[in-house]
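K.L.:
Add chain B to chain A, keeping to what the hints say.
Residue numbers (my numbering), protein chains in the order written: chain A, 1 to 300; chain B, 1 to 300.
Hints may be right or wrong, so weigh each one.
Note: identical chains are not told apart, hence a pair may lie in one copy or across any two.
[As the list claims (entries may be wrong)] DMTMM-like, lysine to aspartate or glutamate: derived pairs with alpha carbons at most 20 angstroms apart:
{"hint": "1", "residue 1": "241", "residue 2": "205"}
{"hint": "2", "residue 1": "241", "residue 2": "271"}
{"hint": "3", "residue 1": "109", "residue 2": "78"}
{"hint": "4", "residue 1": "269", "residue 2": "43"}
{"hint": "5", "residue 1": "269", "residue 2": "242"}
{"hint": "6", "residue 1": "88", "residue 2": "65"}
{"hint": "7", "residue 1": "269", "residue 2": "164"}
{"hint": "8", "residue 1": "241", "residue 2": "266"}
{"hint": "9", "residue 1": "241", "residue 2": "272"}
{"hint": "10", "residue 1": "23", "residue 2": "113"}
{"hint": "11", "residue 1": "109", "residue 2": "253"}
{"hint": "12", "residue 1": "241", "residue 2": "204"}
{"hint": "13", "residue 1": "269", "residue 2": "202"}
{"hint": "14", "residue 1": "23", "residue 2": "139"}
{"hint": "15", "residue 1": "269", "residue 2": "139"}
Calculated from the structure, these hints are not laboratory results.
There are 2 protein chains.
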Amino acid sequence: MAIERVTVVGLGLIGSSIARAAKARLPQVTVTGHDASADVREEARTLGLCDTIADDPAASVLGSDLVILAVPVGRMADAAAAIAPGLKPDAIISDVGSSKAGVADALAKALPDHVVIPAHPVAGTENSGPAAGFATLFEGRWCIVTPGASAPADAVAALSGFWEALGAKVDTMDAAHHDMVLAVTSHLPHLIAYTIVGTASELEEVTESEVIKYSAGGFRDFTRIAASDPVMWRDVFLANKDAVLETLQRFNEDLTALQQAIRRGDGAKLEDWFTRTRAIRRSIIEQGQDDAAPDFGRRH
Amino acid sequence: MAIERVTVVGLGLIGSSIARAAKARLPQVTVTGHDASADVREEARTLGLCDTIADDPAASVLGSDLVILAVPVGRMADAAAAIAPGLKPDAIISDVGSSKAGVADALAKALPDHVVIPAHPVAGTENSGPAAGFATLFEGRWCIVTPGASAPADAVAALSGFWEALGAKVDTMDAAHHDMVLAVTSHLPHLIAYTIVGTASELEEVTESEVIKYSAGGFRDFTRIAASDPVMWRDVFLANKDAVLETLQRFNEDLTALQQAIRRGDGAKLEDWFTRTRAIRRSIIEQGQDDAAPDFGRRH
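Isolated chain A, as found in the complex (with noise of 0.2 angstroms):
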């Protein structure tokens, strides 16, 4: 199965970096790209993106072999709609959502004639917008591809293979079990870091210009996630809601077992703790998911 064209609908962070990365590295692939926000097309025929910008959803999937809705989670329902009419019958749908069970629910629902394949590349960064993106996002990157018990194994080994050649590394899993590894992975975390930075922007004893000035005692690490796009991860934890409360709920425990060892000032407690969780960063930098350089690499 050949992917000759594909149509990216969504021209944000991700979006255009699939965009980006399919120019840079399939030459023979036509890539078009659509977003709702007229502007947005503008920007990206600007920036020159694709090979076509088209201004209407339907028109812009026409003749393609693959289209990916790079759109925000509450979106993909319409987004599907909306490009329904101009589908091949045998294009393959795929997405970029950060929680899958629910997407492959609506796509399914809007698309129920169609080859739907809900994927997930475990890549970013906090800036938004089709200026944001770049093609070498992916790279050594993971991309968790959910397909469904009906999804033809031809069109699994296509999807999968395009993003092989963006540079990712590809994983199948079921849709539910990505729920709860990136709720674990990601969506926890982003959930922490918007607490945090909110609760200290709004304390009465310490001024938020004092927050800011001695962020870089552990703050500022913070405020990088906590900066990524507002609907994007509302979105997110609308959808992927079960398994965030789930994890959440076992990090209040942990969070008060640690918080109970301070109130006692059992130092082994957390001595014992502290140097557990040591080693895991280890793993990440081996695995090349992390810099190795201290302080993610920062300029010093």
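P.N.:
Same frame as chain A, but now just chain B:
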């Protein structure tokens, strides 16, 4: 008040960075080092960190105008007692501890007849030990000096001048306020990071290997500060217990509110919160306290 001889007691990340920065920027100053560990002293000699490395703590401070204790805050009292016999009557004794009220008490008790001026350079990396330090660690970072009411103004000015000479910007505040500010900007972030890294590594539904593979979704940001020195951080939480527990209480209230918003599907509340937190990062970058490059400047 001229500072011509400096002793650094404790040659880990911060102590060795002070020695390196002083050697690089203050060629007229003689730097003596001491560490309670013979292995660390040997490593410091091999690295050429100081003009002299003394095996005995009291001998290390003979003739020194400024002595900086760069040991975990739980060891300040012992370190102060060990240097006391060698101190010049008019020597300034300072430290680099992350909590200040408890350290001020401990040092005042151990050295009742000396000039004690606690300080805290808000800088660091996740790495530990003499080899982890570097001369530019303090450039553009804040050093908070917390003189007691009886501290001589010329000694405060001399200590502040020393830190400015190492490239830091200096602020002065009282110890109790410092401890509240740092509870928010540093201690709570570390506690949260330590918690979530522990939580993620002990879930039954998601393997540690999956947590590591997909950590680029946000989790890896927390692993950096959760890889910080376990003994140093054990001591910080025990020493700054009250302020940490108070800010943790605020964090828990906010987290509960966001948890409720997720459970109830209140997207407007989530989006509003996530939009406000975005502005803080912009201010931190504008004020030079973090890298403007996306993703902390990690290589892609």
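K.L.:
For each hint, tell me whether it holds in the structure or not.
P.N.:
Going down the list of hints, with the structure as the test:
1. 241 x 205: Between copies, since 16 angstroms is at most 20 angstroms while 33 angstroms is not.
2. 241 x 271: Cα proximity of residue 241 and residue 271: across copies only (15 angstroms, versus 33 angstroms in one copy).
3. 109 x 78: Within one copy only: 11 angstroms inside, 69 angstroms across.
4. 269 x 43: Neither: 54 angstroms inside a copy, 30 angstroms across copies.
5. 269 x 242: between (31 angstroms within a copy, 18 angstroms between copies)
6. 88 x 65: within (7 angstroms within a copy, 81 angstroms between copies)
7. 269 x 164: For residue 269 and residue 164, neither the intra-copy (44 angstroms) nor the inter-copy (38 angstroms) Cα distance is at most 20 angstroms.
8. 241 x 266: between (35 angstroms within a copy, 11 angstroms between copies)
9. 241 x 272: between (32 angstroms within a copy, 18 angstroms between copies)
10. 23 x 113: For residue 23 and residue 113, the Cα distance exceeds 20 angstroms both inside one copy (30 angstroms) and across copies (72 angstroms).
11. 109 x 253: Neither: 38 angstroms inside a chain and 39 angstroms across chains, both beyond 20 angstroms.
12. 241 x 204: So residue 241 and residue 204 pass the 20 angstroms test across copies only (19 angstroms; inside, 32 angstroms).
13. 269 x 202: Between. Shortest inter-copy distance 16 angstroms satisfies the 20 angstroms Cα cut-off; intra-copy 31 angstroms does not.
14. 23 x 139: within (15 angstroms within a copy, 41 angstroms between copies)
15. 269 x 139: Answer is neither: 39 angstroms inside a copy and 35 angstroms across each miss the 20 angstroms cutoff.
When each numbered hint is compared with the structure, violations occur for hints 4, 7, 10, 11 and 15.
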